[in-house]
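S.K.: Quick mapping for you: the protein sequence lines, in order, are chains A and B.
The first sequence begins at 1 in the numbering used here and counts up by one.
The second sequence begins at 1 in the numbering used here and counts up by one.
Be aware that one or more of the hints could be misleading.
So these bits of chain B aren't anywhere near chain A, every CB distance computed over 12 Å [as the list claims (entries may be wrong)]: (1) MET1; (2) ASN12; (3) ASP15; (4) ALA20; (5) GLN27; (6) VAL68; (7) THR71; (8) LYS87; (9) PRO138; (10) PHE174; (11) VAL221; (12) ASP227; (13) LEU237.
To spell it out: a stretch of chain B is covered by chain A in this simulated footprint if at least three of its residues, at any positions, have a beta carbon under 8 Å from a beta carbon of chain A; those stretches are [claimed, not checked]: (14) 156–169; (15) 266–280.
Please keep in mind that the hints were generated in silico from the structure rather than gathered at the bench.
Even for Gly, the Cβ is constructed at its ideal location relative to N, Cα and C.
Residue strings, one per chain:
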Amino acid sequence: MLVVSSIGLCDDLHALKPAVFLGSSIKDTTINLTNDYRYLKTGYYVSLHAEILGNQVIPSCENIIDASRTPILLLRASKAKIPTVPFLVTDNVKKIITEVGLPVVVFAVNPFIHEGYKVAKNQSALYRAMKSLGMNYKFAVCAEPLRGELHSVKSVFGKTELADEQISALSQKVYELFRIPLCKLHVQKAEDKAFLCGLEPLKETELSKADLKLISKEIMLISQQGNHIGV
Amino acid sequence: MSRIACFVEKYNFSDPREEAALQNFKQTAEKSGSQFSFLFRENIEDIPNYDAVFIRATTDPLFTSYIVSKTAWELGKKVIDDPESIKICANKIHQYALFEKHGVPRIPTVFLSKDDLHHKKITEIFSTLGKPVVIKAPYTSFSRYVEKAACETSFREVAKRFFKKSDVLAIQKFTPTAFDWRVGVLGNDILYVCKYMIPKGKWKHGAKLRGKPTVIWGRTVSIQKKDMPPRLREVALKACGVIGKGLYGVDIKEVYGEYVVVEVNDNPSIYAGYEDSMDQDIYQRIINYLSA
Ligand SMILES: Nc1ncnc2c1ncn2[C@@H]1O[C@H](COP(=O)(O)OP(=O)(O)O)[C@@H](O)[C@H]1O
Ligand SMILES: [Mg+2]
């Protein structure tokens, strides 16, 4: 099994740097580790290179793209029976108010903004949110009703450090579907249930020593279990 | 009866020739007993109400059109352009790597990673590909991010600009020709054949820049399918075959009697009086594909 990582991991994992892997043609099951899997960034090209070589790889290019587009993330998650909130993709403020209602969580759906969301509790806040996330109303946004409390959690191979059972179970399911080893999940908790709202890249600084340890542990586990990466 | 949604953005109606082509699609569909509605960005929640989606807005994994495509696909609709084709065609690195893997004849190409932009590598590239080279940002369309570089300084300048959005670029041997063949392909079959003439004194087909005043763009010369060189046909179908079974426009250069693929486009331009001028049946064939 091949580990390609842009993150400093402990030496006994023998991880390759992305640049080394991109210049090679190593055929092996590949785990692509980076905090940032954005489309067109090095992490994307690592998965692409692995796919072209015919390697099994996590994450796949398809999942990298889909997980970062909130409407597709939620559509695919709900098809896989992962609890999600309803959503509306639109650039129309009135439509959000009548069809989604307030308060509302708004995610960007454009090529430029790839992190964060805004919560709007009233109409003028919604206008402001649409103005910034829609880049002056030029792009559509993804609007979701806010029904409970919002949580943002780090997911490392589907594991979260949060002790909340529902959120842990949700994060495991999202990992099983999209196989994004490292990411941040946005989750709503309402009526004691957890609902998926969004997913975004982690900043490198957000990875703690404990996270790095967990990464090593998970990789060891995968290799002990016969390199089964679930693709 | 099939309900077809045609996903468009406002700019699809800014050129009368494109608008006429869109109306041709609509009339053809309606004559065949299908419904054909233009679907704009504000109504994409209506996708479940259709049987097929035909995307005419520019495609890219980062654009709304991808969300439309993938949503339709996940809901089991017929869709042109399908999400897989968008993913491959929108990225030159992806498609060139597939061409290499499957032996599709193409222009000599090397990939350059952001970390490799240094003197030794640039010298090596110039000695492999000669001078000038053509630098392409993977996401380019309408010739926008395709530029020449003949020395290290201009190479660095162009590469730095293109690296802002993509961490890998494609570098090619400069291969100028008087025209690009443009072969329309649908479901592994030839739809139409044209020559996109390169404007005099230029080396790029200056493209139809949608929504902008027309920049210089070369003439389109339409060719009868039966007059298509057999080898051209073979190369065009092979290139599309490694991508998918959808609708494509393949750009091919003829160099010393060899045919080399420049790129495969999903979402190929269709303008009334241009791509359709020898093959009026392209509208019907695309509608049939969508309503089958
Ligand atoms: N290696 C090359 N040498 C010479 N001309 C090229 C080369 N690659 C592309 N071109 C020309 O540049 C234009 C745009 O290239 P292309 O790869 O199709 O990018 P785009 O996706 O932006 O259309 C076309 O007219 C093509 O003929
Ligand atoms: Mg082109």
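S.K.: Hint by hint, say whether it matches the structure.
M.R.: These are the hints, each one checked on the structure:
1. MET1: holds (26 Å)
2. ASN12: B:ASN12 clear of chain A: closest Cβ-Cβ about 17 Å, beyond 12 Å.
3. ASP15: holds (21 Å)
4. ALA20: At about 27 Å from chain A, B:ALA20 clears the 12 Å cut-off, so the statement holds.
5. GLN27: The claim stands: B:GLN27 keeps its Cβ more than 12 Å from every Cβ of chain A (closest is about 29 Å).
6. VAL68: violated (9 Å)
7. THR71: violated (6 Å)
8. LYS87: violated (6 Å)
9. PRO138: violated (7 Å)
10. PHE174: holds (24 Å)
11. VAL221: B:VAL221 is indeed farther than 12 Å from all Cβ atoms of chain A, at 35 Å.
12. ASP227: With a cut-off of 12 Å, B:ASP227 remains clear of chain A, as the shortest Cβ separation is near 36 Å.
13. LEU237: holds (21 Å)
14. 156–169: Three-residue rule met by the stretch 156–169 of chain B, so holds; n is 4.
15. 266–280: With 0 residues closer than 8 Å to chain A, the stretch 266–280 of chain B misses the three-residue bar; violated.
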